[in-house]
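Colleague: Construct all of the structure, not just a fragment, from the sequences and the given hints.
The primary structure of each chain is shown beneath.
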Amino acid sequence: MITLNVNGKTHEVDADPATPLLYVLRNDLKLNGAKFGCGLGQCGACTVMVDGEAVYSCLTPILLLQGRSIKTLEGLGTAEQPGPLQQAFIDEQAAQCGYCIPGMIMRAQALLERNPSPSDEQIRAHMNAGLCRCGTHMRILRAVHRASKTMQGAIPGAKRA
Amino acid sequence: MNAKASSGGFGPQTSGPGLRLSRREFVAGAGALVVSFALLPRLGTAQAAQESRAPALPGSLKDTPMLDAWIRVDADGTITVFTGKVEFGQGIKTALVQLAAEELVVGPARIRLVTADTSRTPNEGYTAGSNSMKDSGTAIMNAAAQVREMLVGMAATRFNLPADSLVIEDGRVRAADGRNVAYAELVAGQSLHVTAQPQSKLRDPKSRTVRGKALPRLDIPGKVTGAVAYVQDLRLPNMAHARVVRPPSYGARLRSLDRSAAEKMPGVLKVVRDGSFLAVVAEGEYQAIGAMRSLGRSAIWDETATLSPKTDLYAELQSLPHDDYQIRGDASASAKAWSVESSYRRPYQMHAAIGPSCAVALYDGGKLTVWTHSQGVYPLKGAITEMLRLPPDSVHCIHMEGSGCYGHNAADDAAADAALIAVAIPGRPVRVQWMREHEHLWEPFGSAMLTSAKATLDAQGTITDWQFDVWSGTHSSRPGQAGNLAAAWLLQSPFALPTPKPIPQPEGGGDRNAVPLYDIANTRVVHHFIPKMPLRVSALRSLGAYMNVFSIESFMDELSLAAKLDPVSFRLRHLKDTRAQDVIRLAAERFGWNGFQQREPGKRLGRGFAFARYKNLGAYAAVAMEVDVDRESGRIDVVRVVAAVDSGDVVNPDGIRNQIEGGIVQSLSWSLYESVAFDDTRITSRDWSSYPIMRFASVPQSIDVHIIDRPGTPFLGTGEAAQGPAAAALANALASAVGVRIRELPLTSKRVKAAIGV
Ligand code: FES
Ligand code: FES
Numbered sequence: 001m002i003t004l005n006v007n008g009k010t011h012e013v014d015a016d017p018a019t020p021l022l023y024v025l026r027n028d029l030k031l032n033g034a035k036f037g038c039g040l041g042q043c044g045a046c047t048v049m050v051d052g053e054a055v056y057s058c059l060t061p062i063l064l065l066q067g068r069s070i071k072t073l074e075g076l077g078t079a080e081q082p083g084p085l086q087q088a089f090i091d092e093q094a095a096q097c098g099y100c101i102p103g104m105i106m107r108a109q110a111l112l113e114r115n116p117s118p119s120d121e122q123i124r125a126h127m128n129a130g131l132c133r134c135g136t137h138m139r140i141l142r143a144v145h146r147a148s149k150t151m152q153g154a155i156p157g158a159k160r161a
Numbered sequence: 001m002n003a004k005a006s007s008g009g010f011g012p013q014t015s016g017p018g019l020r021l022s023r024r025e026f027v028a029g030a031g032a033l034v035v036s037f038a039l040l041p042r043l044g045t046a047q048a049a050q051e052s053r054a055p056a057l058p059g060s061l062k063d064t065p066m067l068d069a070w071i072r073v074d075a076d077g078t079i080t081v082f083t084g085k086v087e088f089g090q091g092i093k094t095a096l097v098q099l100a101a102e103e104l105v106v107g108p109a110r111i112r113l114v115t116a117d118t119s120r121t122p123n124e125g126y127t128a129g130s131n132s133m134k135d136s137g138t139a140i141m142n143a144a145a146q147v148r149e150m151l152v153g154m155a156a157t158r159f160n161l162p163a164d165s166l167v168i169e170d171g172r173v174r175a176a177d178g179r180n181v182a183y184a185e186l187v188a189g190q191s192l193h194v195t196a197q198p199q200s201k202l203r204d205p206k207s208r209t210v211r212g213k214a215l216p217r218l219d220i221p222g223k224v225t226g227a228v229a230y231v232q233d234l235r236l237p238n239m240a241h242a243r244v245v246r247p248p249s250y251g252a253r254l255r256s257l258d259r260s261a262a263e264k265m266p267g268v269l270k271v272v273r274d275g276s277f278l279a280v281v282a283e284g285e286y287q288a289i290g291a292m293r294s295l296g297r298s299a300i301w302d303e304t305a306t307l308s309p310k311t312d313l314y315a316e317l318q319s320l321p322h323d324d325y326q327i328r329g330d331a332s333a334s335a336k337a338w339s340v341e342s343s344y345r346r347p348y349q350m351h352a353a354i355g356p357s358c359a360v361a362l363y364d365g366g367k368l369t370v371w372t373h374s375q376g377v378y379p380l381k382g383a384i385t386e387m388l389r390l391p392p393d394s395v396h397c398i399h400m401e402g403s404g405c406y407g408h409n410a411a412d413d414a415a416a417d418a419a420l421i422a423v424a425i426p427g428r429p430v431r432v433q434w435m436r437e438h439e440h441l442w443e444p445f446g447s448a449m450l451t452s453a454k455a456t457l458d459a460q461g462t463i464t465d466w467q468f469d470v471w472s473g474t475h476s477s478r479p480g481q482a483g484n485l486a487a488a489w490l491l492q493s494p495f496a497l498p499t500p501k502p503i504p505q506p507e508g509g510g511d512r513n514a515v516p517l518y519d520i521a522n523t524r525v526v527h528h529f530i531p532k533m534p535l536r537v538s539a540l541r542s543l544g545a546y547m548n549v550f551s552i553e554s555f556m557d558e559l560s561l562a563a564k565l566d567p568v569s570f571r572l573r574h575l576k577d578t579r580a581q582d583v584i585r586l587a588a589e590r591f592g593w594n595g596f597q598q599r600e601p602g603k604r605l606g607r608g609f610a611f612a613r614y615k616n617l618g619a620y621a622a623v624a625m626e627v628d629v630d631r632e633s634g635r636i637d638v639v640r641v642v643a644a645v646d647s648g649d650v651v652n653p654d655g656i657r658n659q660i661e662g663g664i665v666q667s668l669s670w671s672l673y674e675s676v677a678f679d680d681t682r683i684t685s686r687d688w689s690s691y692p693i694m695r696f697a698s699v700p701q702s703i704d705v706h707i708i709d710r711p712g713t714p715f716l717g718t719g720e721a722a723q724g725p726a727a728a729a730l731a732n733a734l735a736s737a738v739g740v741r742i743r744e745l746p747l748t749s750k751r752v753k754a755a756i757g758v
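Going down the list, the protein sequences come from chains A and B.
Numbered according to the numbering used here, the first sequence spans residues 1 to 161.
Numbered according to the numbering used here, the second sequence spans residues 1 to 758.
Derived by calculation from the structure, the hints in this document are not laboratory data.
Just to be clear, a hint being listed does not mean it is correct.
Pairs of lysine to any residue, SDA-like flavour, derived with a Cα cap of 20 Å [unchecked claim]:
1) B/Lys201 with B/Pro237
2) A/Lys30 with B/Pro237
3) B/Lys213 with A/Ile90
4) A/Lys30 with B/Arg235
To spell it out: a stretch of chain B is covered by chain A in this simulated footprint if at least three of its residues, at any positions, have a beta carbon under 8 Å from a beta carbon of chain A; those stretches are [said to hold, decoys possible]:
5) 82-91
6) 215-223
7) 229-235
8) 526-535
9) 652-661
10) 679-692
11) 695-709
Derived CB-CB ranges, DEER-like [stated by the list, open to error]:
12) B/Ser493 with A/Ser69: 46 to 56 Å
13) A/Gly52 with B/Gln581: 27 to 37 Å
14) B/Ser308 with A/Asp14: 49 to 59 Å
These numbers were taken from a predicted model, which means no experiment stands behind them.
Backbone N, C-alpha and C define an ideal beta-carbon position, used for all residues, glycine too.
Modeller: Written out as structure tokens, the structure reads:
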């Protein structure tokens, strides 16, 4: 049994400790946010946050995650009460197929928690690890900018850089 | 040259309406049995058409004429709209709901939309060719208007008042005297099971409340919060996970296999083998992946070197057997002294969805159900039935969204895999997802293509003669038959890939947009169709239009240079079509074409322009682009893009903008970076590092899309309109920046550097 803390809740997981987090999130915990894209650390579709950092869940075995705090898309809000980044993606209509979007949101969340008012250049550099095939990039960038405005002061402990 | 008329097995089925009931007959027949659902078989429709010879019904009503096949009003007030088209991120669901809501005069939230399902929705073939609005949108709009008129007619009878004295408010018909009745009460015990009429009383464009507005996409809130949004997210009770061990190369055969290690692995339920088709089923997904790897290590394959990487790809294209179709004109090819001649090249390119293909299947009691992100559930059903040699009507295909598809990718293949595996483990739902390398190596690519353009200019700079040749493989090897499914080639009793036929003009496949829209006295266009290509090829967003527009619009710039005329005015002087002129003028004006200057001296800024009308009968799109080229590295930075588009009557302007923005970025990615690599046996572009695509660091600073709305005119479709113009605008901007023209895609920094000669 491996103990995982996901979105503030503790889960006992009965899986091979070498199993990458992605499969445990999706199949054991039934969380759809993190997606399989490549399994190679090349696309970012599986991105979640671990202790505030954006992490590829497809490459991270659960063995390494005991006692750490994991946050997924589901931890940011719900369709009825979306979190600020989720709301910004809705407001900017920043999705085509949307398959890459959960990873994009988690990657952006990690940035905004560290730096609540990043420049356009900083956002592009930080988001560069995430791939989108539909070409939704311009809207994703707008959504991150919008969220950085609405999130000012909304994140505990975050200060203006 | 053996020229013959273009013809082929594709294209719309023509059939007319069946028996038609007049309003009087319908009302008289009120109280008839409620037939809640009606899919009229095509055969029946065709027969009926012969009998009645009525004018054609609009859109897909031609093939599915019964109103209740499209719209159902239940006694509890639910309104359900059915479409045979599928959502893959293009926003079609939202646009169809808007159309239905507008004509039915109800809030969009009241409408439930059911998309492609072989036991519930009309058969609208494939969701492809930017045809969904034209086919399904037109059908739903007209069906909704006719249902509304029928409901108003029923209310009029009930109130004993003239229909035109009644008004509708959100699904309730009201009389001036205060009496009112909900749609649901009107249909109770009655039937919408009537044939559509050719004409509908559509709502006045001026009174529209839902249509033409940027209604937020219905699917986005769920997608950004982790709802079950994709077939990848479908989790059925007792579901097992499977992975396929795909062969290493085309034509490889499984010589030997030691399955013992895999079978002993924890969670493994079964190794499935049929000829060279090899898969493993396990309780857990990661267990299935582990067992797939173990099987892969023990499998020994016989491979054949069928590819020729050493030969020039484009020389090979011209040498492969091809059928020639002269699709336009009769000018003699050799009689001219051409002013300008150029040829252009496009390599194989991928769809490469971010999420690999996936399907879930369940075989239970002799019935097979497949959840799939295929673009055509009905054709897929036929192909799977044939592959598994099952009795007719034992397969049911249900569409669920997948990762964005951009054409015929591996969705159908994954569905075939799931079907084969499910039959081997009856009673348990099986989920199969492809691995990244499966998708890259096995999806059907966009065909490599070669074009040649020649033209003469007169002393005034007018084009007088034009000859264009295009060499291309097929752009449609979609299922329809078992042999179109990758798994079917591997079976003990295999199915062969059917020989493709060219998609006929005016839509065309490899020759899509090969005929210039420009007014030229003598035009000759020949399509050299290559039935058998070395690599697996099929439909990639915009088919041949991407390459033909890249070629024609690059060539137009070359001609304008030779004529010493501005590229934008050069285009305008060769176009009579005023809608074409309008998008060109709008894009040029919003870009600031005339005032453009190299703003920072010393930097290599360039401007490029391109235009096309997709398929020569769809949306008009013009793209202007500014690039900044670094001479040292050859790197092209796209600074800003301005597009103007006319898609006809606009249902959702933000949906159009989203499609055009996305199309531009994707086309820039294809055109700057993408080319499928292979050795003499295997594809070697197997992941994102061996097949790079555009990233945030390289997307433009801005993309502005301007829409020309044409209320009351037909829908022209939008999804593929930007692909060609974006590519050509890029090449033209590069030429304007550094003075060299590159005619081979992609315009990599290596090629740019070599062309500049630094
Ligand atoms: S799925 Fe993890 S990086 Fe692609
Ligand atoms: S929205 Fe489809 S991959 Fe990004």
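Colleague: Now look at each hint and say whether the structure bears it out.
Modeller: Hints and how they fare:
1. Annotation: proposed proximity of B/Lys201 to B/Pro237 is violated, straight-line Cα distance about 47 Å (limit 20 Å).
2. Distance restraint check for A/Lys30 and B/Pro237: the Cα-Cα separation of roughly 12 Å lies within the 20 Å cut-off, and the hinted pair is therefore satisfied.
3. For the proposed pair B/Lys213 and A/Ile90, the alpha carbon gap of about 16 Å is at most 20 Å, so the pair holds.
4. A threshold of 20 Å between alpha carbons decides the hint, and for A/Lys30 with B/Arg235 the separation of about 8 Å falls inside it, so the pair holds.
5. Check on the region 82-91 of chain B: 4 of its residues sit with their Cβ under 8 Å from a Cβ of chain A, so the three-residue criterion for coverage holds.
6. Residues of the region 215-223 of chain B with a Cβ under 8 Å from some Cβ of chain A number 7, which satisfies the need for three, so the listed coverage holds.
7. Note: the region 229-235 of chain B has 5 residues with beta-carbon separation from chain A under 8 Å; the three-residue rule is met and the coverage holds.
8. For the region 526-535 of chain B, the assignment as covered by chain A is violated, since 0 residues bring a beta-carbon within under 8 Å of that chain's beta-carbons and 3 are needed.
9. For the region 652-661 of chain B, the stated coverage by chain A holds: 4 residues have a C-beta nearer than 8 Å to a C-beta of that chain, and at least 3 were required.
10. Counting residues of the region 679-692 of chain B whose CB lies closer than 8 Å to any CB of chain A gives 3, so the stated coverage by that chain holds, three being the minimum.
11. For the region 695-709 of chain B, the assignment as covered by chain A holds, since 7 residues bring a beta-carbon within under 8 Å of that chain's beta-carbons and 3 suffice.
12. Against the hinted window of 46 to 56 Å, the Cβ-Cβ separation of B/Ser493 and A/Ser69 comes to about 54 Å, which satisfies the hint.
13. A C-beta distance of roughly 55 Å is found between A/Gly52 and B/Gln581, which places it outside the suggested range of 27 to 37 Å.
14. In this structure the hint that B/Ser308 and A/Asp14 lie 49 to 59 Å apart at CB holds, the actual value being about 52 Å.
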